Amino acid sequence: MRETNEISSVQIRGLIVSTVIGVGILSLPNKMAIAIGNDGWIPIILGGIFSIINVFIINKIFQIYPNKDFFEIGREALGKWVFNFFIFIFFIYNMAVMASLSRNLAELVKAFLLETTPPEVLIITFILATTYIARSEIQIIGRLGYHIYPIIIVSIIILIIFSLPSIDYTNALPVFQFDISKLPKAVLDSYFSFVGFEILLFAIPFAEDRNNNSKIVRTSISAIIIVTIIYLVVFFLTLSQYGLHSLQRQAFPTISLIKEIDLPGFFIENLDGVAMAIWTLVIFATMAPTYYSAGKILSNLFAVREHGFFIIPMIPIIYIFSLIPQNVLQIETILGTTINYLGIISVVILPTLIYLIGLFKVRRRADE
Amino acid sequence: MQKIILKDIENNLKVIEELFKDCYDIIIRRIEVGDVYRVKMAIVYIDGLINKDHISEYTIGALLSEEEVKNFSLQGFKSKLTDIIYKEVLYSSELSEEHHMDKIIDIILSGDTVLFIDGMEQAIIIGSKGWATRGISEPETETVVRGPREGFTEVLKINTTLIRRRIRDTNLKITMQKVGRRSKTDVAVIYMDDIVDKGVLQEVNERIRSIDIDAIQDSSMLENLIEDNYLSAFPQIENTERPDSVAAALCEGRIAIIVDNSPFALIVPATIGTLFQSSEDYYNRWTESQILRSLRLVAFFLCVLSPALYISIISYHPGILPTKLTYYLAASRINVPFPSVVETFLMEITIELIRESGTRISGPIGTTIGIVGGLIIGQAAVEAGIVSSILIIIVAVTTISSFAIPSYEFASGLRVWRFLLIIFAAFLGLYGVMLGLIVLITHLIKLNSFGVPFTSPYSGLGISQGELKDTLFKSPIQYLEERPTFTKPRNKVRMRRTWKDERD
Amino acid sequence: MNKKIIYLSIIIILIPFMTGCWDMQEINQILFPYSIGIDLNEGEGERYVITITYPNINAIGKNATQEERIHIVSTVASSVFEGATQLSTRLQYPFNFKMLRVLVLGKNITNDAGTVKEIIDGMSRDFSISKKVRILQAEDSAEDLLLSIPNAKRQEVIEGTLFSMLSGKRSTSRYTPITLTDFIREIDLSGVAIAPRAATGVEDIKFFGGAIFKDYKLIGYLDEVQNRALTILKGKWKSDLVVASFQDMTISYITTGSKMKRKFIKNNEELKVRLEIRVEGALQEYIHRENPTLNNTELIEDMEKAIEKELTKETNEVLEMLQKEYKSDAIGIGEYISKFHPKVWKEVGNDWDEVFADMDIEVDIDVKIRRRGLVQ
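Protein chains in written order, with this note's numbering: chain A, 35 to 402; chain B, 15 to 518; chain C, 22 to 397.
Derived from the structure by calculation, the hints contain no laboratory data. Owing to the predicted nature of the structure, the values given are computational and were not obtained by experimental measurement. A hint or two may mislead.
Keeping only pairs whose Cα atoms sit at most 27 Å apart, straight-line, the calculated DSSO-like set for lysine-lysine is [stated by the list, open to error]:
1. B:143 to B:187
2. C:259 to C:280
3. C:255 to C:360
4. C:334 to C:367
5. C:367 to A:219
6. C:284 to C:334
7. B:143 to B:35
8. C:227 to B:338
9. A:249 to B:502
10. C:364 to A:219
11. A:216 to A:94
12. A:216 to C:360
13. B:514 to B:483
14. B:28 to B:17
15. C:152 to A:144
16. A:249 to B:506
17. A:249 to B:514
18. C:227 to A:216
19. A:219 to C:293
20. C:389 to C:334
21. C:282 to C:227
22. C:389 to B:338
23. B:66 to B:171
24. A:216 to C:255
25. C:259 to C:367
26. C:326 to C:348
27. B:338 to A:144
Chain B side only, calculated, beta carbon under 10 Å to chain A, not exhaustive [unchecked claim]:
28. 246
29. 262
30. 265
31. 333
32. 334
33. 335
34. 433
35. 434
36. 437
37. 443
38. 444
39. 445
40. 449
Don't be surprised by glycine CBs; every beta carbon is placed ideally from N, CA and C.
Work the whole structure out from these sequences, hints included.
Structure (structure tokens):
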């Protein structure tokens, strides 16, 4: 029986939510508090809106060029060499994302769970565990997304329920007191917490409803809205718990918030270790699609049909990339900045360019 | 070897005798019929496979006493002898003619009787299967408090009958295949013609057809031969001893495979959702079934995770627990000489030993083993201070929860993964458990059962069509108006109305 | 075949990576301190005296072999964590601070702003320490306080006497437990945080009142009644007993809850805050010679007035003290203004302490007796 390599709409939604939510959810409230203060929710919403526009453009591409996959479209629109250059950057971007994910995971696991284990071990074991799924097709990646999605939602709901008794919502006040000149940078910061939806480039051609484009647009946008809501909830919870000044000092406010949970009568204390364990799964759900896309790009660059062939050779590269930063600060400064620049090229510029060229060609064809 | 039957009966019998040389159980009974014109006939069957009374009374008896045959030569050659025998002499209800030798051999081997008649190019096949069987009894593996108590037996025909009695519909199709070069085991593929997804049906038939093996002894062998991933620890095909489960599955658009000599029917496709269903869920009130369903999910996690979590908490992250519990755990382990990994392995292996010896020996001795193993060893181990009492609780809970999962094979698969997770936990604590879980999740979502994702409905298939109503939840039967979607049924409506709809 | 080789090599690579078991440490080979005391070393040597108490695991559970419930060790060290490391060389097992519940600050340490800040900062930075650690100010030295725990007759609690006294819902406002997070947050918000005081009695340990920290420096004390008044002013008063005099006798009144509304009034450059506090409760003790039954609304109203008077007196005293003596806004007025009147806050926020000291704060307490007990 031929395996139907299809991904359903609900799976796309789960895939986007679980891919987008990753490291960002831990540090975003702190970043927003530093960048803009109490009104951090404004850049989060704006970042969400920009991501929705981006997702919309990606969807449009596949509407202009129906029944083609991302690589065929790119070749047709940009020409072979330009497109190859772009997807090479895309590939490097994916590698950097994976390196940063595994390094961040290792650092946090080291801090909260395994204090003396060398981070190298944590990194390599995590990458190895991910290779197993990265070798499979988008259908499996979609299933994975759908499995992690309820875990994320349920964890957030539990977080809300548990932290409600101890929060003071007045800490979120006053609103609208921000400095407008700081807004662009804050929006950019929050926007980078939304990247991950580029997996759509690989998922849409295999969507069950690929002929019903508006449905995919709806699901993918709803996924971004869900992510925005989750970010807002986490931001408000941490802000209400800590107040602005303390929040600005918390490196990982979400985990600190979990550490605050203390319901002795209910046998619940010290949830940070459990939270780290669940977060490992969430990071895995971000890592797997990225790994998959990197493999797909490589297989396309070398014109090999099976992307699984490239997955294992990538292990040492990711490993070395992830060891470049010398300390925790450099993860943000070196890897983070690289990811941001490359991300803009591959997530924003590349699809927009393809879209504009496609639009232009369609117009011209209509004129003729 | 000759391919077809020759007119000369002696030739035919010689072939048979040669093939069945040194077969002690073959019986060839030669008779001569007719007063004037004596016709040689021979009845061939395998001793023990047939109903002897039937053959002696209604075949041999009939042939020897029937006037028409006796006077055959007197009346002249008005009609062919076979026709007369076929139409007027034999009392059997199942009769047919055959002239291929190899088919005749198969027929003999499968328990029917063959009547050779001299001068005829056909042999008459008399349906006479009848051998000593176990009666229909209550299934031992899937007992219910409420619900039918019939179970399948080893005889295919009885099994198909049990299903036919439950679905009196011409759309219930039972197609037969033979598997095994030597065993020539009958395999019945059963499905509802107007519901089943033809793609899956074709796939099932093809997979069964392409098997070339000498013999299969049980449906479990066929299961291993046709499943998608035979290396996996998890079964991708469901099995059951209960005809009502099979009938219910058929009505959902799934396909049942019954293998002769096996009381276990196979049902495809199987998913995690269906493996967690038990037939009793549908006979109990929905509230109770709902609680049981949820309990089974809890059991799933307890079964696969609890020893690994114990190790990671005791040896790596004692800070995860609430303060009081930490102190008590520390106190309970104060004199244990082993690290938690060794301790856990000791107890897990002990419990596996108890389980193994308990299943091999049934009856009162088995119970004794359970008591000796469970109570005395556990108690003694704690008293001796080799293991902590908490661990005994953990191991016991783990074992009990593995029995709470309806599918025994699935639970055994989890058992294997439990040991893997213990190893992961021993090396990297909770992080290791998570890595192990990642690999387990990956493995599970990569599995397919005849094109259906094994993890459905939890992997997103049919959620919007209400697939969760009968998997994660157990809704009252009134809400299950449509068939589950994972089987891609061609006819979706299960229930049209109830008395309340009628009144409205 | 190729696949098998790949998998095999992965497994072989994995083995040396995974068999390290770096962090393996059995639960019974770790000491879990539940309180830590810090004093300034007044003698020779390093800066601090660190005192750590941890439960004696041998005395817990069914088959306890030892009697003594807690162990107390102390050392001289240059920082908290250095002290812990030093101690673990003297003890059989290392410490794990996950279960730390109480931090006791010695008296001599609290006079120095830098030192307290250093300790608090170090603790909040550490990954393993729970941020729910309760902070306590010892009347004398922290070491003496912790050493007196075994003499106290309340040892049956496994989590430590100090912690169980500081947690849970106690119907008293004589002292207010504060956690590490709250301590930091309150100092961030208003510059002032109040930690309960603890003193060693003859046979027990007593908590009372509060020590006022302004910018991590101890500036003064509150006694029990003052602490209650402060709780009222903060709007966090829940369940307590108030004794007031009424017509030559005392009545006692149990509160079941209170609500506070802050109102900000600005007229003519003058800031004014009005605190409207509504208290609900029931009458506990009441003996009236002339009118033994309590069935008269006016009488109840009179009693309410008496209690109001008592409470107003208490709160005004504390308010006066905070404004004039300490110039510290421990009642969250600044926080309120900054949240709800950010424009005003922009003007006055920079020298808030001065503004607070001169501010007009009006307290309006409204007491309601809802129930009068079973007897009329």
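Checklist entry - Does the nearest C-beta of chain A fall within a distance shorter than 10 Å of the C-beta of residue 265 (chain B)? => result 23 Å, violated
Item to check | Minimum beta-carbon distance criterion (10 Å), residue 262 (chain B) to chain A | outcome: For residue 262 (chain B), the interface hint is violated, since the closest Cβ of chain A sits about 25 Å away, which is over 10 Å.
Item to check | Pair hint residue 249 (chain A) and residue 502 (chain B), alpha-carbon separation not exceeding 27 Å | outcome: At roughly 22 Å apart (the allowed maximum being 27 Å), residue 502 (chain B) and residue 249 (chain A) satisfy the hint.
Checklist entry - Are the Cα positions of residue 334 (chain C) and residue 367 (chain C) separated by 27 Å at most? => result Given pair residue 334 (chain C), residue 367 (chain C) is violated - Cα atoms ~33 Å apart, limit 27 Å.
Next on the checklist: Hint check: residue 514 (chain B) vs residue 483 (chain B), CA-CA at most 27 Å. Holds or violated?
Outcome noted: 21 Å, holds
Next on the checklist: Against the 27 Å threshold, does the CA-CA distance of residue 152 (chain C) and residue 144 (chain A) hold or violate the hint?
Outcome noted: 19 Å, holds
Checklist entry - Has the given pair, residue 249 (chain A) with residue 514 (chain B), been kept, meaning a C-alpha gap of at most 27 Å? => result 36 Å, violated
Next on the checklist: Between the alpha carbons of residue 389 (chain C) and residue 334 (chain C), is the straight-line distance 27 Å or under?
Outcome noted: 17 Å, holds
Item to check | chain A contact restraint for residue 335 (chain B) - C-beta distance below 10 Å | outcome: At 7 Å from the nearest chain A Cβ, residue 335 (chain B) passes the 10 Å test, so the hint holds.
Next on the checklist: Would the hint linking residue 338 (chain B) and residue 144 (chain A) be met if the CA-CA limit is 27 Å?
Outcome noted: Since the Cα atoms of residue 338 (chain B) and residue 144 (chain A) sit roughly 25 Å apart, the hinted pair holds (cutoff 27 Å).
Item to check | Pairwise hint evaluation, residue 293 (chain C) against residue 219 (chain A), where the allowed Cα distance is 27 Å at most | outcome: 39 Å, violated
Item to check | Straight-line alpha-carbon gap residue 143 (chain B) to residue 35 (chain B), limit 27 Å | outcome: 22 Å, holds
Hint check: violations occur at hints 4, 11, 17, 18, 19, 21, 22, 24, 25, 26, 28, 29, 30, 34, 35, 36; the rest are consistent with the structure.
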